[in-house]
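J.: Residues per chain are reported as follows:
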Amino acid sequence: MKQGHITILRLTSAVTAGFTFAIVPQAAQAAGVLAGTLIENTASATYSSGTASGSVSSNTVTVKVDELLDVAVAGLTTTPVTAGSTSVVLEYSITNTGNGGEAFNVTVDPAVAGNGFDAVVQTIAYDSNGNGTYDAGVDTVITNGGATSSLAADASLKVFVIVTLPAGATDGQSSQVRLTADAVTGTGTPGTVFTGQGEGGGDAVVGASGASDNATDQMIASLATVALAKSASIVDPFGGSQPVPGAVITYTLVATVSGTGQAEGLHVTDIIPAGTTYQVSSLKLDGASLTDAADADAGVAGASGIDVDLGTVAGGTTKTVKFDVKIN
Amino acid sequence: MKANWIASFIGMTAFAACALTTPALAVANPQPVELIGDVKVEKVVVENGKETRSWIKPQVVVPGDRLTFSTQYRNTSTDKVDNFVVTNPIPAGVMLAPDGAATFDVSVDGGKTWGKLGALQVADGKGGQRAALHSDVTHVRWTLPVLNPGTTGTLTYNAIVR
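Line by line, the protein sequences give chains A and B. For the first sequence, this note's numbering begins at -2 and goes up steadily by one. For the second sequence, this note's numbering begins at 13 and goes up steadily by one.
Just so you know, the hints here were simulated from the structure itself, not pulled from any lab data. Treat the hints with caution; some may be incorrect.
[Unchecked claim] Only some residues are given here: those of chain B computed to face chain A with a beta carbon under 8 Å: (1) 73; (2) 74; (3) 75; (4) 83; (5) 90; (6) 93; (7) 96; (8) 131; (9) 132; (10) 134; (11) 148; (12) 158; (13) 160; (14) 172; (15) 174.
[Unchecked claim] Mimicking EDC-like on lysine to aspartate or glutamate, the simulated pairs with C-alpha atoms at most 20 Å apart in a straight line are: (16) B:52 x A:289; (17) A:61 x B:54; (18) B:69 x A:200; (19) B:52 x A:37; (20) A:61 x B:111; (21) B:69 x A:37.
[Stated by the list, open to error] Computed footprint of chain B on chain A, listed as stretches where at least three residues anywhere in the stretch have a Cβ under 8 Å from a Cβ of chain B: (22) 29 to 39; (23) 42 to 48; (24) 312 to 318.
Note that CB positions come from ideal geometry on N, CA and C, so glycine has one too.
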């Protein structure tokens, strides 16, 4: 009962929609003529010669467009994702800004300079069903460094990185996780040619991005700690405070939750000390009486002990449980 | 009538002679003018911070590359040719480059109407009109009033692979 935790702040659909919108113009701008396209130029002329007129065409010159390898990666998290005890999903997009179908190798690096902690990467998956949300067991999982499916020119793919906090992360620490996408055909300085490896049998040429791009998503550790303090006050049958038979002891249990996170499933339990008897209907939570029976309210009490289910408690909250026993 | 026959015959002879020297012109028509098309791609090499531009035969062309399409014309006949108008549709996959686009007539509607680029308008997609851009150009055109026998020259336009 030393530590409680919080859940993830999921990206809302509104946020996701905002991002989709932001990416579209970029993709449209990147539209390039597809690899394998033939550019054919023919000039023609009309003229008159004396009373006759005629026309003539030039030969046709043809240029084949080769594959340009380009990629853009964006982190889709504007506000840092808060991470507690459960795993969180970081979202990234990979856009094929080249002009031919291309798969990309995805590398996730949780060790970014300046990190308060380095997240533990559990799973890397891409949005194979295209619904924009991580579906465990449905979206295709890839190994770190593994390749996505082939992305058509100008197509975008969402990649999910599922991470957890490492042991030792403390409340409020932040961390960045970097995702890098490299064209499977190859990367290099712009202009590097991969002969015969372009779509349609032509060459592949590294574009301005170097056929590699990366972006980071940020996360913040949001943890809660719970402190429990127990005190007792005694009222004896004679108006004093002596622990004599017949005296009533009131136990006070104060649970203090601190941190930016929240404690989940928090129970305050105690046993009835030997030689004492629980006083029926004396259980209180924050001053309000709880019934002894296991029912709709949070408390259960009896001869064996008490149990108050506080459920989820946000950091910065104090809960006080009291109960009385009589010394036999 | 007889004079016309002779003229045609001379034209044919002239063409046949020229066809021997310029194999690029494959179709054997009795034309007094020949057109030879060519294309070059601009390659920029940066060495020690200095840019060197060269125009080479395209081997590798990718989106964003600059191409120069040229058409060489020659009056191969012994007669003067008038109203010589060379029209070149912009191939799919490229757009007219902004530089030099103002020196010849262009069309932004598939060759129906012509003018200098700065004077043309296109639909803005919102029910109105906007000034035409180099990327809207569908055809380029050059007009030469007279071509004397033997006159030759080259017409070029620059394009960018879309």
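J.: Determine for every hint whether it applies to the structure shown.
T.: Hints, verified against the model:
no., hint, result
1, 73, "holds, 5 Å"
2, 74, "holds, 4 Å"
3, 75, "holds, 3 Å"
4, 83, "holds, 4 Å"
5, 90, "violated, 10 Å"
6, 93, "holds, 5 Å"
7, 96, "holds, 5 Å"
8, 131, "violated, 23 Å"
9, 132, "violated, 21 Å"
10, 134, "violated, 18 Å"
11, 148, "violated, 16 Å"
12, 158, "violated, 10 Å"
13, 160, "violated, 12 Å"
14, 172, "violated, 10 Å"
15, 174, "holds, 5 Å"
16, B:52 x A:289, "violated, 91 Å"
17, A:61 x B:54, "holds, 15 Å"
18, B:69 x A:200, "holds, 16 Å"
19, B:52 x A:37, "holds, 13 Å"
20, A:61 x B:111, "violated, 23 Å"
21, B:69 x A:37, "holds, 15 Å"
22, 29 to 39, "holds (count 8)"
23, 42 to 48, "holds (count 6)"
24, 312 to 318, "violated (count 0)"
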